[in-house]
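Asker: The chain contents come next:
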Amino acid sequence: MNGLVFAGLVFLLAAGLSVIFGVMDVLNLAHGSFYMLGAYAAFAVVSRTGSFWLALLLGPLTVGLIGAVMELVLFRRLYQRGHLAQVLLSFGFTLVFVDLVRSWFGPRTYGIAPPPGLGGAFHVAGANFTKYDVFILGVSLLVGAALLVGWRLLKVGAVLRAGVSDKEMVGLLGIDLGLVFTLTFAFGAALAGLGGVVAAPFVAIHPAMDDNVLILALVVVVLGGLGSIEGALAGSLLIGLAYSFGTFYLQEFSIAIVFALMAAVLVLRPRGLFGIRT
Amino acid sequence: MSEIERYLDSKLGEDVDRRGFLKLSASAAGLAALAACGGGTVTPGPSGPTGAEFKLGIVLPYSNVYAELGSSITNGIQLYLNKVGNQAGNRKITVFKEDEKVSTDDAVAATKKLVEQTSVDMIAGYVLSPNAVANRDYLTSNKVPTIIANAGANVISRAKKSDFIYRTSFSNWQPTHPMGSYVQDKLGLKNVLLVYANYPAGAETAQSFRETYTGKFAAADVAPPLGYTGDWAVWVSKITAANPDGIYVFLSGTDSVGFLNKANELGALKNIKVTGSGFFVEQDVLGSVGDRAPVGAVSGLHWALTLDTKENKDFVAAYRKAYNKPPDVFAMDGYDTGRVLVDALNAVKGDTKDPTKFLAAIGAVSFKSPRGDFKFDAATHNVINPVYIRELVKDPQLGYTNKVVATVAGVADPGK
Amino acid sequence: MPAVLLAVLVSLPFWTPSRYWVSVAIQALILAVFAMSLDLLLGFGGMPSFGHAAFYGMGAYACGKLFPQLTGGGLLAFLAAGMAAGVIAALPIGALAVRARGIYFLMLTLAFAQMVWGLAFQWTSFTGGTEGMSGIPQAVPDWLQEQGQNVWPALRTAGPFYVVALTVAVLAFAGLTAITRSPFGRALEGIRENEGRMRALGYPTYRYRLAAFVIAAAFAGLAGATTALYNGYANPSQLYWHTSGLVLIAVIVGGTRSLLGAVLGAFFVTIVQLVISSYTEHWQLLLGAVFIAVVLFLPGGLISLGRLGWLRR
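Protein chains in written order, with the working numbering: chain U, 1 to 278; chain L, 1 to 416; chain P, 1 to 313.
The following block holds chain U by itself, in its conformation from the complex (with noise of 0.2 Å):
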């Protein structure tokens, strides 16, 4: 249960890198940094209104904002320049966005208790469980169930998938590439905003919050196969529950385990799991 609780949290931030990969053929390093910056932004609503649900609305959205800010103004001249310009790229702005965050909140960790409705916990199969769990779960299940549904049922899924495969081809349909990316990459950054409101009642926020989970949700979107939902829900779970029981009986080599998880399935399918990109 606990390894699920946290592939769900995961899910949240590979799910936007894996649709940004997927799609644009884009590698940020800054999604951590979209984590981060949700956290912090949660934080700021909880302590000036109180209310965790509008932090949960305004987190996201302000991530998105920024999201789709950075595509226009700057990733979008990169496009041809492929991977390695934009690793450069975005280390860049996670060296910015760390010193911001630093500047404008302090070096002090900081932290918000879960909603009224959402604390405590309860008793189940002989097991113990909190209640904020069960909604980190749900939240996680709701945004993957709307992501499939997006994506293998709606018009916009189809969009989104055929830019994966053929970006000429739809660019010669007349859609709008340039919108759509941007909009993806705001999507994207949506999410791992809201990963970051979700995870910020239970984590310390810290302006080094954003280092560890980007390599995790790299691991997972690659595992899962770029691009891909499911693959995403897949490599969570995988990593998730890796992680959780490897640190619970192989104590001293638990990171090891995952990454070492991590290399056999990419080197038994190179594409990840349920990877369509050739």
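Please note that a few of the clues may not be correct.
[Unchecked claim] Derived pair list, reagent style DSSO-like, types lysine-lysine, alpha-carbon separation capped at 30 Å:
{"no.": "1", "chain 1": "L", "residue 1": "LYS216", "chain 2": "L", "residue 2": "LYS368"}
{"no.": "2", "chain 1": "L", "residue 1": "LYS416", "chain 2": "L", "residue 2": "LYS160"}
{"no.": "3", "chain 1": "L", "residue 1": "LYS353", "chain 2": "L", "residue 2": "LYS161"}
{"no.": "4", "chain 1": "L", "residue 1": "LYS357", "chain 2": "L", "residue 2": "LYS321"}
{"no.": "5", "chain 1": "L", "residue 1": "LYS92", "chain 2": "L", "residue 2": "LYS357"}
{"no.": "6", "chain 1": "P", "residue 1": "LYS65", "chain 2": "L", "residue 2": "LYS160"}
{"no.": "7", "chain 1": "L", "residue 1": "LYS186", "chain 2": "L", "residue 2": "LYS83"}
{"no.": "8", "chain 1": "L", "residue 1": "LYS313", "chain 2": "L", "residue 2": "LYS92"}
{"no.": "9", "chain 1": "L", "residue 1": "LYS143", "chain 2": "L", "residue 2": "LYS375"}
{"no.": "10", "chain 1": "L", "residue 1": "LYS160", "chain 2": "L", "residue 2": "LYS368"}
{"no.": "11", "chain 1": "P", "residue 1": "LYS65", "chain 2": "L", "residue 2": "LYS161"}
{"no.": "12", "chain 1": "L", "residue 1": "LYS143", "chain 2": "P", "residue 2": "LYS65"}
{"no.": "13", "chain 1": "L", "residue 1": "LYS321", "chain 2": "L", "residue 2": "LYS186"}
{"no.": "14", "chain 1": "L", "residue 1": "LYS416", "chain 2": "P", "residue 2": "LYS65"}
{"no.": "15", "chain 1": "L", "residue 1": "LYS238", "chain 2": "U", "residue 2": "LYS131"}
{"no.": "16", "chain 1": "L", "residue 1": "LYS353", "chain 2": "L", "residue 2": "LYS83"}
{"no.": "17", "chain 1": "L", "residue 1": "LYS375", "chain 2": "L", "residue 2": "LYS313"}
{"no.": "18", "chain 1": "L", "residue 1": "LYS160", "chain 2": "U", "residue 2": "LYS131"}
{"no.": "19", "chain 1": "L", "residue 1": "LYS273", "chain 2": "U", "residue 2": "LYS131"}
{"no.": "20", "chain 1": "L", "residue 1": "LYS92", "chain 2": "L", "residue 2": "LYS375"}
{"no.": "21", "chain 1": "L", "residue 1": "LYS216", "chain 2": "U", "residue 2": "LYS131"}
{"no.": "22", "chain 1": "L", "residue 1": "LYS186", "chain 2": "L", "residue 2": "LYS394"}
{"no.": "23", "chain 1": "L", "residue 1": "LYS216", "chain 2": "L", "residue 2": "LYS161"}
{"no.": "24", "chain 1": "L", "residue 1": "LYS321", "chain 2": "L", "residue 2": "LYS403"}
[What the hints assert, rightly or not] Quick partial rundown of chain P residues pointing at chain U, CB under 10 Å, derived from the structure:
{"no.": "25", "residue": "ALA100"}
{"no.": "26", "residue": "ILE103"}
{"no.": "27", "residue": "VAL275"}
{"no.": "28", "residue": "ALA289"}
{"no.": "29", "residue": "LEU296"}
[To be verified] Beta-carbon label-pair distances, calculated as ranges:
{"no.": "30", "chain 1": "U", "residue 1": "LEU65", "chain 2": "L", "residue 2": "LYS310", "range": "39 to 45 Å"}
{"no.": "31", "chain 1": "U", "residue 1": "ARG269", "chain 2": "P", "residue 2": "GLN69", "range": "53 to 59 Å"}
{"no.": "32", "chain 1": "U", "residue 1": "ARG269", "chain 2": "P", "residue 2": "PRO299", "range": "44 to 50 Å"}
{"no.": "33", "chain 1": "P", "residue 1": "ARG99", "chain 2": "U", "residue 2": "HIS83", "range": "14 to 20 Å"}
{"no.": "34", "chain 1": "P", "residue 1": "LEU144", "chain 2": "L", "residue 2": "THR214", "range": "40 to 46 Å"}
Derived from the structure by calculation, the hints contain no laboratory data. Think of the CB as a built atom: it goes at the ideal place given N, C-alpha and C, for glycine as much as any other residue.
Here the structure of chain U is known, so what remains is to put chains L and P in place on it, guided by the hints.
Answerer: Chains L and P alone, transformed into the frame defined by chain U:
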């Protein structure tokens, strides 16, 4: 840059340091230029110090996850130096700061810059033990008097002790050592579970506990990796499964926050006596966990905010006035670091040409600190700490804070 | 251009205003070797590795773990151990990783490197855990130590070690240049451009790529050993993805198709990092802005500045 500084001051009302740092840097750059020309005698007005400038180099984290500690320690040092007018032994004391960052290579580079380019007369610093240990040989071979203001690795006072390095903070062994027998004798715990981050400091703490606790352990130690980012419920469930009557916790910063938040929500700590090394309920953690603080937790540390002595009350009041928030133990360690420097410099009347004499003066300092009597142990160069046994309470005015319930005086690291 | 740089570097100990700049130069030279090794892989082989720090760190840890045994062999023993560690680690990792291309290779190398980091970080009994291993001697040969002290007394130990670092860097540059200009190097570039065609021509592309991977790892291990000797320790942060990221940044900033570019990038990154943090607490903001600016306005990297008006390579 000055606009940002003004904005920060108005917004946060804390950390006068930032603005001060820039002013200091500017004047330091000027002074450094003077000094580089050879000699570097500072001659301000007739009422000021007339000796050569004394340069203190501080290496602490100002970015990344430990920035809060770096900021606290610096505030503490600066507070004491400001108190004595930034001078001692007829010399003006100028502070130069470099960011320890996180990686050891950066900490070493920062140290080298202060020693080689700024030519500091003394180094104070290091939050992270690996960074302190990595710099130890360099500082010793370059004969730089050094004060460790935080890093707790036992080895600094033992195998890697150095003539040039003194520690004003603590060794990992110290705060925990009396706790083993305390939880057993005074709290009556018979079946304890150890919870600590799985890295050398955690291991050293566990070992220290085992030296004085002779009771049973409920299960194997619960040792999450340092900086664990997964679901803390994994570890909390181990505690619940072991069903101890008490736990002894050594987690700090973000680890402690993650642990306490989850444990509290799960109700896992309701029937367990929570004890630990003071860091897991120190100010930085309390500020983050809010109402999920483990009220009633008993912890050992060489200080407490509520310590009822004149020195501490004065210190706390002065710190609040300068920085708009209460100090934490890190700031207190910084404050004492500043005092050690000032007292030593006064003792040698500003003459630091002979490092042996200066070091001897450092080693000989003795004063009443906010923590109590401050003295170095000559054998280990580590401060002899009192250990205050404190209980976490919710005070109507102070909020969640630790109240002292017992004192163990004169705990000195064994040096072996 | 290389000649000018070399002249500046060789003469540095004589005109440096303080030994600090020699220290900075040593750091930059070590990063330069590290960057050049990655450039072989990335720039010439078209294999973007996000895990190159693994071999750098292995070089350092080899020195850390074996220094009691290596001390007898002196400086060369340590450096050789570093290179060997890189090779030994690269063979299994490369055998698996080199099968992948592009973004998958990037992620696979990241995964392997983080695995190695995880071991170093958590396996305290074998690797020293978060504290790492310390006490590694500088291993500068006595005759060099004496000469250095005599010629540059103000530089103390930095002077003699600078000679070591500079020599290692120059030899690495020469070695890697020779490799890139050899038939092997040409074939590697051919594989980067069009692997299918090279295979059709009969080249065993997998073996070429693996060889490039291992060679790059050897030189990374060399850089790692050098840094371990210089600083006296090996530490998990040397294996962390930030280190892989930093050397990748250095190569990209310098210009990926050129070894000299890698050197320039390494110097740029080292100096910028050190200089910026002196003047402001907001070094991350400025550093980030610098990277962003370089990406946007210098697509060819720093080396492209030198090419303006010169013959195209």
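Asker: State for each hint whether it applies.
Answerer: Okay, the hints, checked on the actual structure:
Our distance criterion of 30 Å between C-alpha atoms is broken by LYS216 (chain L) and LYS368 (chain L), whose separation comes to about 39 Å. In summary, the hint linking LYS416 (chain L) to LYS160 (chain L) is supported, as the alpha carbons are separated by about 11 Å, within the 30 Å threshold. Only pairs whose Cα atoms come within 30 Å are accepted, and LYS353 (chain L) paired with LYS161 (chain L) is accepted, the gap being roughly 23 Å. For the suggested pair LYS357 (chain L) and LYS321 (chain L), the alpha carbons sit about 36 Å apart, so the restraint of at most 30 Å is broken.
Distance hint between LYS92 (chain L) and LYS357 (chain L) is fulfilled; the C-alpha atoms sit about 19 Å from each other, no more than 30 Å. Annotation: proposed proximity of LYS65 (chain P) to LYS160 (chain L) holds, straight-line Cα distance about 18 Å (limit 30 Å). For a cut-off of 30 Å, the pair hint linking LYS186 (chain L) to LYS83 (chain L) is broken: about 40 Å separates their Cα positions. Taking the CA atoms of LYS313 (chain L) and LYS92 (chain L), the gap is near 28 Å; set against the 30 Å cutoff, the hint holds.
Of the pairs offered as hints, the one joining LYS143 (chain L) and LYS375 (chain L) holds, with about 23 Å between alpha carbons and a cut-off of 30 Å not exceeded. Between LYS160 (chain L) and LYS368 (chain L) the CA atoms are separated by roughly 28 Å; this keeps the pair inside 30 Å, and the hint holds. With a CA separation close to 22 Å, the supplied pair LYS65 (chain P) and LYS161 (chain L) stays within the 30 Å bound. A C-alpha spacing of about 28 Å is found between LYS143 (chain L) and LYS65 (chain P), which places the hinted pair at or below 30 Å, so the restraint holds.
Restraint check for LYS321 (chain L) and LYS186 (chain L): the C-alpha separation of about 38 Å exceeds 30 Å, so the hint is violated. For a cut-off of 30 Å, the pair hint linking LYS416 (chain L) to LYS65 (chain P) stands: about 23 Å separates their Cα positions. A C-alpha spacing of about 19 Å is found between LYS238 (chain L) and LYS131 (chain U), which places the hinted pair at or below 30 Å, so the restraint holds. For the hint linking LYS353 (chain L) to LYS83 (chain L), the alpha-carbon distance of about 26 Å falls within 30 Å, and the restraint holds.
In summary, the hint linking LYS375 (chain L) to LYS313 (chain L) is supported, as the alpha carbons are separated by about 20 Å, within the 30 Å threshold. Restraint check: the Cα-Cα separation between LYS160 (chain L) and LYS131 (chain U) comes to about 49 Å, which exceeds 30 Å; the hinted pair is violated. Taking the CA atoms of LYS273 (chain L) and LYS131 (chain U), the gap is about 24 Å. The hint holds against a cut of 30 Å. Distance check on the hinted pair: LYS92 (chain L) and LYS375 (chain L) sit about 25 Å apart at the alpha-carbon level, within 30 Å; holds.
Taking the CA atoms of LYS216 (chain L) and LYS131 (chain U), the gap is near 34 Å; set against the 30 Å cutoff, the hint is violated. At roughly 22 Å between alpha-carbon atoms, LYS186 (chain L) and LYS394 (chain L) fall within 30 Å of each other, so this suggested pair holds. Simply put, LYS216 (chain L) and LYS161 (chain L) have alpha-carbon atoms about 34 Å apart, too far for the 30 Å limit, and the pair is violated. Between LYS321 (chain L) and LYS403 (chain L), the direct Cα distance comes to roughly 22 Å. Compliance with the 30 Å bound is thereby established for this hinted pair.
Hint status for ALA100 (chain P) relative to chain U: holds, with the closest Cβ pair at about 5 Å, below 10 Å. Annotation: interface hint on ILE103 (chain P) holds; nearest CB of chain U at approximately 6 Å, less than 10 Å. Against a cut-off of 10 Å between C-beta atoms, the interface hint on VAL275 (chain P) is violated, since the closest Cβ of chain U lies about 16 Å away. Among the interface hints, the one on ALA289 (chain P) holds; its C-beta lies about 7 Å from the nearest C-beta in chain U, closer than the 10 Å criterion.
A cut of 10 Å between beta carbons decides the hint on LEU296 (chain P): the least distance to chain U is about 7 Å, and the hint holds. For LEU65 (chain U) and LYS310 (chain L), the Cβ-Cβ distance of about 54 Å falls outside the hinted range of 39 to 45 Å, so the restraint is violated. Distance hint for ARG269 (chain U) and GLN69 (chain P): a CB-CB separation of about 42 Å, inconsistent with the stated range 53 to 59 Å. As the Cβ distance of ARG269 (chain U) to PRO299 (chain P) is approximately 34 Å, the hint placing it in 44 to 50 Å is violated.
The given range of 14 to 20 Å is respected by ARG99 (chain P) and HIS83 (chain U), whose C-beta atoms sit roughly 19 Å from each other. Here the CB-CB span from LEU144 (chain P) to THR214 (chain L) is close to 56 Å, at odds with the stated 40 to 46 Å.
Figure legend: structure checked against the earlier numbered hints; hints not met, in rising order: 1, 4, 7, 13, 18, 21, 23, 27, 30, 31, 32 and 34.
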